[in-house]
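Undergrad: Below, each chain spelled out in residue letters.
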Amino acid sequence: MLHRYPKRVAYIMLVLTALVAAFPLWGEAVFGNQANFMLEKLTLMLILALFAMSLDLLVGIVGLVSLGHALFFGLGAYTLALASPDFSPASMWWMLPLVMGVSACVGLIVGVLVIRTKGIFFIMTTLAFGQMLYYFISTSPLAGGTDGVFIMFRPSLTIGETSLVNLDNPYSFFYFCLGMLLIGFLFLRWLTRSYFGQVLDGIHDNEHRMQALGYATSGYKLVAFVIAGVMAAIAGMLAAMQYGFANPAQLGWHTSGEVLMMLILGGMGTIFGPILGAFAYEILLYIYEHATTHWPILMGLTIIIAVLVLPRGIAGLIIAPPWRSKRQTEPGTASEHGKAQVALSAKPTPQRKES
Amino acid sequence: MSNEIVLATQGLTRRFGGLVAVNDVDFDVKSNEIHAILGPNGAGKSTLINLLSGEIPPSEGKVLYKDRPIQGKSARQIARMGIGRSHQKTNIFPRLNCLQNCELAARIHMGGVFGSWRSRHTARQVSERAQEVLDTCQLNHRAYTTASDMSYGEQRQLQIAMVLATAPSVMLLDEPMAGMGREETVQVTELLASLTDRYTLVLIEHDMDSVFRLADRITVMVDGCVLESGPTEQIRSSEKVRDVYLGRHDEGATA
Chain C
1 MLHRYPKRVA YIMLVLTALV AAFPLWGEAV FGNQANFMLE KLTLMLILAL FAMSLDLLVG
61 IVGLVSLGHA LFFGLGAYTL ALASPDFSPA SMWWMLPLVM GVSACVGLIV GVLVIRTKGI
121 FFIMTTLAFG QMLYYFISTS PLAGGTDGVF IMFRPSLTIG ETSLVNLDNP YSFFYFCLGM
181 LLIGFLFLRW LTRSYFGQVL DGIHDNEHRM QALGYATSGY KLVAFVIAGV MAAIAGMLAA
241 MQYGFANPAQ LGWHTSGEVL MMLILGGMGT IFGPILGAFA YEILLYIYEH ATTHWPILMG
301 LTIIIAVLVL PRGIAGLIIA PPWRSKRQTE PGTASEHGKA QVALSAKPTP QRKES
Chain G
1 MSNEIVLATQ GLTRRFGGLV AVNDVDFDVK SNEIHAILGP NGAGKSTLIN LLSGEIPPSE
61 GKVLYKDRPI QGKSARQIAR MGIGRSHQKT NIFPRLNCLQ NCELAARIHM GGVFGSWRSR
121 HTARQVSERA QEVLDTCQLN HRAYTTASDM SYGEQRQLQI AMVLATAPSV MLLDEPMAGM
181 GREETVQVTE LLASLTDRYT LVLIEHDMDS VFRLADRITV MVDGCVLESG PTEQIRSSEK
241 VRDVYLGRHD EGATA
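Protein chains in written order, with UniProt numbering: chain C, 1 to 355; chain G, 1 to 255.
To be clear, the hints were calculated from the coordinates, so they are not data collected in a lab.
Hints should not be assumed to be uniformly reliable.
Unchecked claim - Below 20 Å or equal to it, Euclidean Cα-Cα: the simulated SDA-like pairs (lysine to any residue) are:
| id | chain 1 | residue 1 | chain 2 | residue 2 |
| --- | --- | --- | --- | --- |
| 1 | C | 41 | C | 28 |
| 2 | C | 118 | G | 122 |
| 3 | G | 73 | C | 217 |
| 4 | G | 89 | C | 208 |
A quick note: this is a predicted structure, and the numbers were derived from the prediction, not measured.
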């Protein structure tokens, strides 16, 4: 069955989650006085994982390759920056719905215009919308131009006078981001296994057939586009909270390109793959940046090698390890192998040609 | 078979640039009949089916479904009105299992896509409908098999099951037996024969044995035009049709 993976995937993800969640316990022992810096890095990885996961809904699940997804990431950041009061923290209780509402509205407007395009045209129109907002923000004095907008206070999460989570504390913020990532993951896991998710899989595999069955595929794609946009905006809001500012770079095409690379590295269409991709990308970036000033060459080579050696990304390596596929005929391994094969068979059937 | 006409065309024409693929076709399908469309390759049969199912719009002419014009409507709208179709090439969802393929087809017509917000009752109905069509197509033993793991013949049967799951009143079947072995062809022929009490079938098929066994009426097309249309026996004994299939039509044309 689709989106159901061998048990080892759950075990590995649980172990990794526990390891990340326990960072405050082992971070200082391993990184010493760099622990706080590493915690910030780790928080950023969690935020980027949420961002990458949102793009996976579009690219991996529905099959719509977007090069303008950073539009929503930046939109979330700017909504927070512009809506935050200058001399007091905003409340997360209204900031989060505001970010979600603004991104949903923009997603709906952009989506209506781009969703009818396909393939290269979809890529180019999403890129165009992303760049439109990028240049608008870069040149708008209201949004701080190329300098961006600083956020003086992180939003607070309180009930009455009682603070639920002190988001100014890096450790609390780290757990808040981890929580948001887990909620995002569980939501997408539920969505992809729902009937609605099945329709999205159908559109990914054979949109033409879905239309012949009576499905208004554009509507379903639009809903997926809006959901992906809202999730990306939440990630953007968290990033702005982390950095303390919103910057036009968060909207640019290179941010969209970066998150696409995380997706490729992690494995598309698996939901958990982009999380691994975001972590792998940021770890590699950290290593390469410290190794050479020509790190983009190393990163580019890594992505090329990853595409050639691991076309299904890190997720593919976990779902169907090459050494396990050789033992597929052994009793007991067949069903797991079958599950892995279905999970990985994301390649759609060729579209029917008119005869 | 009743005399009520459910689907008809009037002067239906489709041009692709200078090529007239379907030329001024008048044709009708009666309720609960199997109406076969025959013709050599390039006769315009598949184009006609594509026009009836809304996959391509006509250049001229009308398509009437239960006396209402439907030309110009999209494939999705026509499918929702009750005209289901299967394609010449196997067109299923290979990553889903057999049951899920049929559920996907049934759900759009029965509701419950946003399953968690709809009643469990609808979900159960969808599942029951899917099971029912799998039973009809004798695929129930393969319900939980991933579609890509099924044999070619079973995939073709699944395609018919998916059309049935949409509960259509008219089924447009484009070469449902293409590429099947003898045994599978017999099986599908029997399946189609069993459907006539509930459905109206428009069938394109090259297997003459099956066509003459199944069809109530046959329309023969050549070069985009209707050469002859009538009851099976009339077509079987038609000199004109025999000429086309034995090649005398071509000889005459070149002479």
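Undergrad: Now tell me, hint by hint, if it's right for this structure.
TA: We went through each hint and held it up to the structure:
no.: 1; hint: C:41 x C:28; in the structure: 14 Å, holds
no.: 2; hint: C:118 x G:122; in the structure: 33 Å, violated
no.: 3; hint: G:73 x C:217; in the structure: 16 Å, holds
no.: 4; hint: G:89 x C:208; in the structure: 12 Å, holds
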